[in-house]
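Chains as they are written, first to last, in the numbering used here: chain G, 1 to 266; chain E, 267 to 510.
Calculated from the structure, these hints are not laboratory results.
In this text, all values refer to a predicted model and were calculated from it rather than measured experimentally.
Check the hints yourself; a few may be wrong.
What the hints assert, rightly or not - What the simulated footprint calls covered on chain E by chain G, stretch by stretch (three residues with Cβ under 8 Å from a Cβ of chain G suffice, anywhere in the stretch; the number is not a length):
id, region
1, 279-289
2, 305-312
3, 316-325
4, 331-343
5, 397-406
6, 416-424
7, 483-493
A virtual CB, placed ideally from N, CA and C, is assigned to each residue, including glycine.
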Amino acid sequence: MDELIHFGQTTLGLVRDVLPIAVILIGFQLLVLRRPILNPARVGVGLVLVLLGLALFLEGLELALFPLGRLMAEQLTAPSFLFGEEAQAISQFDWTDYLWVYIFAGAIGFATTVAEPALIAVSIKANQVSGGTITVNGLRFAVAVGVAVGVAMGAFRIVTGTPLHWYIITGYVIVIIQTAVAPRAIIPLAYDSGGVTTSTVTVPLVAALGLGLAETIPGRSPLLDGFGLIAFASLFPMISVMAYAQLSEWRTRKVREANSSSTDTS
Amino acid sequence: MNVLLLQFFRSLRQSLQDLLPIILVIAFFQLVVLQQPFPQLGQIVVGGLMVVLGLSLFVQGLQMALFPLGEDMAYSFVRKGNLWFLLLFAFTLGFGTTVAEPALIAIAEEAAEIAAGGGMIENLEPARASYANGLRLVVALAVGIALVVGVIRILKGWPVQYLIIGGYVGVVFMTMLAPPEIIGIAYDSGGVTTSTVTVPLVAALGIGLASSIRGRDPLVDGFGLIAFASLTPMIFVMAYGMLF
Chain G
1 MDELIHFGQT
11 TLGLVRDVLP
21 IAVILIGFQL
31 LVLRRPILNP
41 ARVGVGLVLV
51 LLGLALFLEG
61 LELALFPLGR
71 LMAEQLTAPS
81 FLFGEEAQAI
91 SQFDWTDYLW
101 VYIFAGAIGF
111 ATTVAEPALI
121 AVSIKANQVS
131 GGTITVNGLR
141 FAVAVGVAVG
151 VAMGAFRIVT
161 GTPLHWYIIT
171 GYVIVIIQTA
181 VAPRAIIPLA
191 YDSGGVTTST
201 VTVPLVAALG
211 LGLAETIPGR
221 SPLLDGFGLI
231 AFASLFPMIS
241 VMAYAQLSEW
251 RTRKVREANS
261 SSTDTS
Chain E
267 MNVLLLQFFR
277 SLRQSLQDLL
287 PIILVIAFFQ
297 LVVLQQPFPQ
307 LGQIVVGGLM
317 VVLGLSLFVQ
327 GLQMALFPLG
337 EDMAYSFVRK
347 GNLWFLLLFA
357 FTLGFGTTVA
367 EPALIAIAEE
377 AAEIAAGGGM
387 IENLEPARAS
397 YANGLRLVVA
407 LAVGIALVVG
417 VIRILKGWPV
427 QYLIIGGYVG
437 VVFMTMLAPP
447 EIIGIAYDSG
457 GVTTSTVTVP
467 LVAALGIGLA
477 SSIRGRDPLV
487 DGFGLIAFAS
497 LTPMIFVMAY
507 GMLF
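Okay, chain G solo, but in the shape it has when bound (with noise of 0.2 Å):
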């Protein structure tokens, strides 16, 4: 019963969510394009099913992965797991103690972008427009990568403690040349991919894994290097995006020097 009560609570936060972007959607629709929806019937069950299926999802995450990501995370980075049983409080640590933690944050990084339903919707969106030359598995596989990268390279810097904006500049710099050295077609591709590896599933985890990890750490505060951890999520998968469309450019030319060459000598 009360976790019917609960989903009930979900839904209603989604609605409230969404009931701005229905207003907005439909006011401008009637009052400024002046003309109807198409086949209202077919995007009203469609947005009935979005909420519906955005409650469900919200909700299996509460009741099943977050409380155990969030418990892991804790136990991860505590001293007794790190340093034996009778360790309490760290006073000398090296940051290849925490391998684990490393290992762990890059790999929750990796498998919560495969599900995060943003990337799949931008995913489907890049498939058609391409003409499928990027396939929707390969776009999300190489975001996933990113993150995974971005999340223990952020775990390691609230280990080590050095300033954030050091890494983030290091990685705009990257990308300002990638970006001169990419496909061009893939490009604005890649800068979204950013934004949006970064809602509803890997939040709370990878929030909860850098707020255990700055609890835990001495000299470092929750609220200070707490955060950040987002900031590398989306940072990395614009490299790593570029970096799959550069590869597989790479690939395909090595294929067809191959084949030119083959029917050279034949």
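Got chain G sorted already, so can you dock chain E onto it with the hints?
For chain E alone, coordinates are given in the frame of chain G:
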């Protein structure tokens, strides 16, 4: 009806595949690394099933409603030919969807606590609330402006990288000036502004615009709105941190 059902089962299987990595990662760390049993296994299975079902329904609804709606509106705006209404629509869409975003509300409250702790504002409830509200409005404004500029970019056919690299320069410049307490939040606020419902709509709008204007390529010109909408909030939040 049968086709719909078949389609639904296919997307159900796809969703199951999408969630497999999470299940594997969690199971591996829980059982192998931490060596602990699963607490409340029943609850986890039920929750997992809900996630799979929810994701399938969401993707289904996306294809039925959000994508066609966004693209259809983009076509109508182009056909109507009134630039101001299109820009107004872009601004309201960005502002309206961001101001109510739950992730942003949460982050604004935390930012207010940091500001109060750092002595930037009085550590009293009304002062914190007004700081948090101000921050939300600033981020929503930033997203609204970003979509307006992004739409103009699609209409003019400017390359996206000029805008983004210009934005980066702005971010780096502001980082040097802004108080260090605000930087982490400012960087994160860029990522949280674009919600799961907004992203498909904005993507469909951009692609619809780019494919209905002659000489624009939907792949090259249609994407890029979301990127810009996650960049401007960083600059605006740091500016907010400097002013208050």
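Hint check results:
no.	hint	result
1	279-289	holds (count 4)
2	305-312	holds (count 5)
3	316-325	holds (count 10)
4	331-343	holds (count 9)
5	397-406	violated (count 0)
6	416-424	violated (count 0)
7	483-493	holds (count 11)
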